[in-house]
Amino acid sequence: MSTVPLLTPPVRHWHCPACGRTSTTTEAEPHAQLHPCPRARGLLTPYLPGESGRGKVTVLERQDYEQHSGLRPGVTETLQYDHDGRPAMGVVVEHDGGAHTALFVPGINIKTR
Amino acid sequence: MAWSASSAFRQIYSDMIGNVTAFDWDADTIKMAAFDNTITPDKNVSAANSAYGAGVWASGGVSGTNLPAAGVALASKTNDVSTNGQITLDAADNTITGTALTNITGLLCYDDTLTTPVADQGFGYHYLGGASSPSGDVTFVYSASGLQRITIS
Numbered sequence: 001m002s003t004v005p006l007l008t009p010p011v012r013h014w015h016c017p018a019c020g021r022t023s024t025t026t027e028a029e030p031h032a033q034l035h036p037c038p039r040a041r042g043l044l045t046p047y048l049p050g051e052s053g054r055g056k057v058t059v060l061e062r063q064d065y066e067q068h069s070g071l072r073p074g075v076t077e078t079l080q081y082d083h084d085g086r087p088a089m090g091v092v093v094e095h096d097g098g099a100h101t102a103l104f105v106p107g108i109n110i111k112t113r
Numbered sequence: 001m002a003w004s005a006s007s008a009f010r011q012i013y014s015d016m017i018g019n020v021t022a023f024d025w026d027a028d029t030i031k032m033a034a035f036d037n038t039i040t041p042d043k044n045v046s047a048a049n050s051a052y053g054a055g056v057w058a059s060g061g062v063s064g065t066n067l068p069a070a071g072v073a074l075a076s077k078t079n080d081v082s083t084n085g086q087i088t089l090d091a092a093d094n095t096i097t098g099t100a101l102t103n104i105t106g107l108l109c110y111d112d113t114l115t116t117p118v119a120d121q122g123f124g125y126h127y128l129g130g131a132s133s134p135s136g137d138v139t140f141v142y143s144a145s146g147l148q149r150i151t152i153s
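As you go down the protein sequences, you meet chains D and S in turn.
Going by our numbering, 30 is the number at position 30 of the first sequence; the sequence numbering is gapless.
Going by our numbering, 18 is the number at position 18 of the second sequence; the sequence numbering is gapless.
Hints may be right or wrong, so weigh each one.
With a Cα cut of at most 25 Å, we get these calculated PhoX-like pairs of lysine-lysine [unchecked claim]:
hint, chain 1, residue 1, chain 2, residue 2
1, D, K56, S, K77
2, D, K111, S, K77
3, S, K77, S, K43
Read the hints as simulated data drawn from the structure, not as lab findings.
Using the sequences and the hints given, assemble the complete structure.
As structure tokens, this is what we get:
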């Protein structure tokens, strides 16, 4: 009887060039790894692949400052807030090999009363 | 006018309640297509005008490497009712690798499986809060509260 070897997903190492945190994942599919970065006002920020490296983290500000959230009856949005309570549009991590941008997609809230 | 908020489409909920559509969040292919800042979405449009490729969604599409104009499919979708009074529809974040997107401003969430009452009927749209032009890897980070949450109080 032949045996079929079990394939184990590769271990991927990640790091944040801003706060220095590291992480590992074992997913087989291409994926991103995020973390709440203290250097990005606590916003979810992409890790960069690898165990170390340099990079720059920039917060993308929302251009409308949540003008509709909570103001319309019945429907509101859930935005991503920084640790000061300001809504953000995303976070960009630039590095020598390019950039990784996290764009925050608001959740839609439907409320019945 | 332009994008100013995120919203569900009124018509698809009416069609679900009226058994006009067999919308199935779990089983259907649900896609997120990207659009720029030239359009003005409207939550009150007809089913036909909520559909991908129709109404305001006929123009202003944003695409790039690994992000087709028709969008990317949601994976690991969940329909959670474990919290009192809440229905939360969620999915795993989508990461588009090695791309370049111009003026991405919002996403249309639509059903790519159904053809009745119309093909590609819109489920909702998500305003990102402004236009940006990211390059490299881009991750759509879906809200911790789900893509849509219905709260019955």
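K111 of chain D paired with K77 of chain S [C-alpha distance capped at 25 Å]: The given pair, whose Cα atoms are some 21 Å apart, holds under the 25 Å limit.
25 Å limit on alpha-carbon distance, applied to hinted pair K56 of chain D and K77 of chain S: violated (33 Å)
Restraint check for K77 of chain S with K43 of chain S, where alpha carbons must lie at most 25 Å apart: holds (23 Å)
Hint compliance for this structure: hint 1 is the single one not met.
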